[in-house]
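Enquirer: Here is how the chains run, residue by residue.
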Amino acid sequence: MSDLNNIPRADLFSMFFKRIAAVKAASDSPVKDLYSYPANRLARELHPECQHLKIKEIIPFSDDFKCFVFEADKELGTEKPAWFSAGQYLVIAVEIDGKVYCRPYSIASSPRDTLKGEIMIAVKRVDEGIVSGYLLDNLKAGDKVLTSAPLGDFTYEPLRDAKTVIGIAGGSGITPFRSFAKAIAEGDEDFNLILLYGSRTLKDAVFSDEINELAKENPKIKLVNVLSEEKKKGCEHGFIGKEIIEKYAPEGEAYSIFLCGPQAMYDFADKEIAQLGIRRKFVRHEVFGEYFHPEKNEDYTADISKTYNVTVRISGAEYTCACPADTSLLRAMEAAGIKAPSDCRSGRCGWCRSQLISGDVYIPQSVDGRRIADKEYGYIHPCCSFPLSDIVIDVPPAKG
Amino acid sequence: MERYDVVVVGAGNGGLVAGTAIAQAGFKTLILEKHNLPGGCSTSFVRGRFEFEPSLHELCDSSDNEGDMGMQSIFDRLGVKVPMLHEKNLLRAIVKGEGGYDVRLRAGYDEFLDSMEEAVPGCRESVKKYLDLMVLLNEAQDYMNNGVPNPATLMGKYGDFVRAASHSNDEIMAGFGIPEKAKNIIDTYWGYLGVPCDDLNALHYLSMIEAYIKKRPAMPYNRSHELALALVKAFQSYGGEIRYNSEVTEFLYNSAGAVIGVKAGGKEILARKVVSNIIPNNVFNMSDETKIPKSAVKLANARKLGLSFITAYLGLDASAQELGIEDYSVFICNSPDTRKQYEDRLNFGMYVVNCLNIALPGASEEGTSMLFFTLPMMPEDFPADLKAEDYKKYKNDYVRRYIEDYEKTLGINISDHIEEIAIATPVTFARYLSTPAGNIYAYSNGGWDNVVLRTVFDNIDKKIPNLSFCGGHGIRGDGFSSAYTTGAMTGEKVIAELRREM
Numbered sequence: 029m030s031d032l033n034n035i036p037r038a039d040l041f042s043m044f045f046k047r048i049a050a051v052k053a054a055s056d057s058p059v060k061d062l063y064s065y066p067a068n069r070l071a072r073e074l075h076p077e078c079q080h081l082k083i084k085e086i087i088p089f090s091d092d093f094k095c096f097v098f099e100a101d102k103e104l105g106t107e108k109p110a111w112f113s114a115g116q117y118l119v120i121a122v123e124i125d126g127k128v129y130c131r132p133y134s135i136a137s138s139p140r141d142t143l144k145g146e147i148m149i150a151v152k153r154v155d156e157g158i159v160s161g162y163l164l165d166n167l168k169a170g171d172k173v174l175t176s177a178p179l180g181d182f183t184y185e186p187l188r189d190a191k192t193v194i195g196i197a198g199g200s201g202i203t204p205f206r207s208f209a210k211a212i213a214e215g216d217e218d219f220n221l222i223l224l225y226g227s228r229t230l231k232d233a234v235f236s237d238e239i240n241e242l243a244k245e246n247p248k249i250k251l252v253n254v255l256s257e258e259k260k261k262g263c264e265h266g267f268i269g270k271e272i273i274e275k276y277a278p279e280g281e282a283y284s285i286f287l288c289g290p291q292a293m294y295d296f297a298d299k300e301i302a303q304l305g306i307r308r309k310f311v312r313h314e315v316f317g318e319y320f321h322p323e324k325n326e327d328y329t330a331d332i333s334k335t336y337n338v339t340v341r342i343s344g345a346e347y348t349c350a351c352p353a354d355t356s357l358l359r360a361m362e363a364a365g366i367k368a369p370s371d372c373r374s375g376r377c378g379w380c381r382s383q384l385i386s387g388d389v390y391i392p393q394s395v396d397g398r399r400i401a402d403k404e405y406g407y408i409h410p411c412c413s414f415p416l417s418d419i420v421i422d423v424p425p426a427k428g
Numbered sequence: 166m167e168r169y170d171v172v173v174v175g176a177g178n179g180g181l182v183a184g185t186a187i188a189q190a191g192f193k194t195l196i197l198e199k200h201n202l203p204g205g206c207s208t209s210f211v212r213g214r215f216e217f218e219p220s221l222h223e224l225c226d227s228s229d230n231e232g233d234m235g236m237q238s239i240f241d242r243l244g245v246k247v248p249m250l251h252e253k254n255l256l257r258a259i260v261k262g263e264g265g266y267d268v269r270l271r272a273g274y275d276e277f278l279d280s281m282e283e284a285v286p287g288c289r290e291s292v293k294k295y296l297d298l299m300v301l302l303n304e305a306q307d308y309m310n311n312g313v314p315n316p317a318t319l320m321g322k323y324g325d326f327v328r329a330a331s332h333s334n335d336e337i338m339a340g341f342g343i344p345e346k347a348k349n350i351i352d353t354y355w356g357y358l359g360v361p362c363d364d365l366n367a368l369h370y371l372s373m374i375e376a377y378i379k380k381r382p383a384m385p386y387n388r389s390h391e392l393a394l395a396l397v398k399a400f401q402s403y404g405g406e407i408r409y410n411s412e413v414t415e416f417l418y419n420s421a422g423a424v425i426g427v428k429a430g431g432k433e434i435l436a437r438k439v440v441s442n443i444i445p446n447n448v449f450n451m452s453d454e455t456k457i458p459k460s461a462v463k464l465a466n467a468r469k470l471g472l473s474f475i476t477a478y479l480g481l482d483a484s485a486q487e488l489g490i491e492d493y494s495v496f497i498c499n500s501p502d503t504r505k506q507y508e509d510r511l512n513f514g515m516y517v518v519n520c521l522n523i524a525l526p527g528a529s530e531e532g533t534s535m536l537f538f539t540l541p542m543m544p545e546d547f548p549a550d551l552k553a554e555d556y557k558k559y560k561n562d563y564v565r566r567y568i569e570d571y572e573k574t575l576g577i578n579i580s581d582h583i584e585e586i587a588i589a590t591p592v593t594f595a596r597y598l599s600t601p602a603g604n605i606y607a608y609s610n611g612g613w614d615n616v617v618l619r620t621v622f623d624n625i626d627k628k629i630p631n632l633s634f635c636g637g638h639g640i641r642g643d644g645f646s647s648a649y650t651t652g653a654m655t656g657e658k659v660i661a662e663l664r665r666e667m
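Protein chains in written order, with the numbering used here: chain A, 29 to 428; chain B, 166 to 667.
Please keep in mind that the hints were generated in silico from the structure rather than gathered at the bench. Do not take every clue at face value.
[As the list claims (entries may be wrong)] If you only want the chain B side, here are some residues facing chain A, beta carbon under 7 Å, derived:
(1) Gly340
(2) Asn387
(3) Glu433
(4) Lys463
(5) Ala465
(6) Ala553
(7) Tyr559
(8) Asn561
(9) Val592
(10) Ala602
Quick caveat, the model's predicted, so the values are computed rather than measured. We put the beta carbon where it would ideally sit given N, CA and C, even for glycine.
Please construct the entire structure, taking both the sequences and the accompanying hints into account.
Expert: The following block contains the structure:
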């Protein structure tokens, strides 16, 4: 006798018939399209594979600093620039002498501007910068530009960050803060932004007037210009350090610090912030720029003057290029016209992740953003990997 | 034009196992993956000083009993080695409201029965009978795998197998006289299969929890990304080739309706056999519709999409001990009844919070810990009219409520310690996995689409020649070990077909 005797075995057959009947009754028209589901539609809208944009307007602040306002290139299939979270960046792909170069640029416009069909980046001329120079000197209204979807995690997260953010901006590092300020003014972000903006002179403080205009209308936004080479009324003088931060920080209340600027600013500000005794969770840096001069690190012991051969496999095809020891594998591939994927170029996003088939590389610890298992199984981020020998590498094809 | 013996579409758990088995058998195999990483759900991501586990709660069936299709024996046969840590505890279930309870269940056969007896005195014998039913169920499945079963034997000797195969878990537990509270406690894992226990097939549920209880849940040390990399390594060692950022956009057919290859990156790649790790719905959408058997389209249209989630990943700047977190898996419910939990799924009906540092001390730096919130949601629950500009607020508001509920329920503070946070929703899963409605469990395991009928009809339903499927949409349903199992079964089937045709 079984405990289950009262449970009918014949139900097995009725179960079969239920299935047969359900399938029989179903429609035989083609299955629903993937984008008939709201989640798939929204995913495509927020994270398009790429964005076909064209230049609507160029706003020159100087020969070395311009804003590029893009609009969607509907002919190529982009309906409007994707919505983003203030603080994110776009990767711009440009073809120069038959080679494709990709560079990340912080978005300066607000998320809500995308609803008007616009998105804006700011470009500052960088020494030896192939791409910034090309953009500043060659692009004109109407030109087509291929970009990534909005990317990056230098964003305000309400469940993580304090209600007040002290923004520390240097040079073109002001760009994402213009977006933050505008997003607050437009109601898409809800936090207090106290922006400490470091420039040499007030004339160099791009966007300063605009942000001040926003601050006039909105008590959540405050701008303090910190000038290193001139003294001006209403501005702080010097570099952004402990004293200035403390002067403007909210009293008796936790605050977050968001930093965006050149490495030299980080080096100075980080030492000052360390003296404030605030927790690590309240200090966030935007990655800004590529890694150069690996030889400056103590753990770099190889000969920096050497050049190595790199064999690159992409989807079964093979390419070769030379890579000097002081050059990242990504830059070497780019210079040789080999199309490799890249987004942040700072070791963090992992989009260039590739398999190291043979050879050795040097990866500076401070920019080694790889997963634990990737380290164990021989995967690298070419944007932050420098050759120590001849290399064979398997790289995913770039998209777009 | 490139030619392979086999092209596998999708490098998820099922696709990786199938591809590795086929390559190991000596066939020229190519795996095409849309994303730039292998694994599908089996992955990880880094934020600040944390590397998060995005999907795996725990591996079941990680024993190495000879001959069973458990994941460890699959990995062994493929030459894949991943160090894992087995857990002592199964879960803590906190049920609020009337008839509520707060119990911890321990892993291991005797330990489980002991913890059930502690929670519900007097339930031990009935629970033991229920668990021991698995012995007969295994025998019956072996019997059925060895030729055409004799109906009299099936209905007689294996009568209880027939009962378990055709009734819900709650009906079978009631048959054994398991007290209501004990039944509810045992039902806690229903979320892993996505169907409340009054509808969830007893054979399916019992197979799963028995695997957790007897073989103990296990976790890989370096997130499930390591499982995917270990499989890729084995696959490559057998001469297999894997390509990332290589989305298949079309399935190619000959005039007789057989699959002859795929199109990826604008190029046609020919194959004698194609294995799809992606859901049939997507395959059909990428195929000439006249080549798809009407019965297959009807089946896809008749099926219900399974569970999805909103998940939140929190990196905290305090250790689990400092915060007062004691358990790896905590299931928090607002009612003892799984049907009610399911119906209230958007309103604290049932959700799971995992603290990886309890299972894997050292999973993050000293003085830190990680929490993983799993909040179930059906595909139809995702707001159809949600605009891009409201999405960030939507997901943060959704998760904030659950963090608050968790803090209140456990009497601890985590809000002040969030150093990193990432929130995934069906939109995130749609982005990375391209599943319909961003669902995770493929097809619902409920009603007539249970694993028993999937298995039976797998041999009856009309198939597309040269095309096989594996993964969460397969005959074993969702879950890591189920996907590995269907991957292994599909691999064997394809190898046999290729050998027959040589």
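Enquirer: A separate judgement is required for each hint: does it hold in the structure or not?
Expert: Here is what the structure says about each hint:
no., hint, verdict
1, Gly340, "holds (4 Å)"
2, Asn387, "holds (4 Å)"
3, Glu433, "violated (14 Å)"
4, Lys463, "holds (4 Å)"
5, Ala465, "holds (5 Å)"
6, Ala553, "holds (4 Å)"
7, Tyr559, "violated (10 Å)"
8, Asn561, "holds (5 Å)"
9, Val592, "holds (5 Å)"
10, Ala602, "holds (4 Å)"
Violated hints for the displayed structure, listed by number in ascending order: 3, 7.
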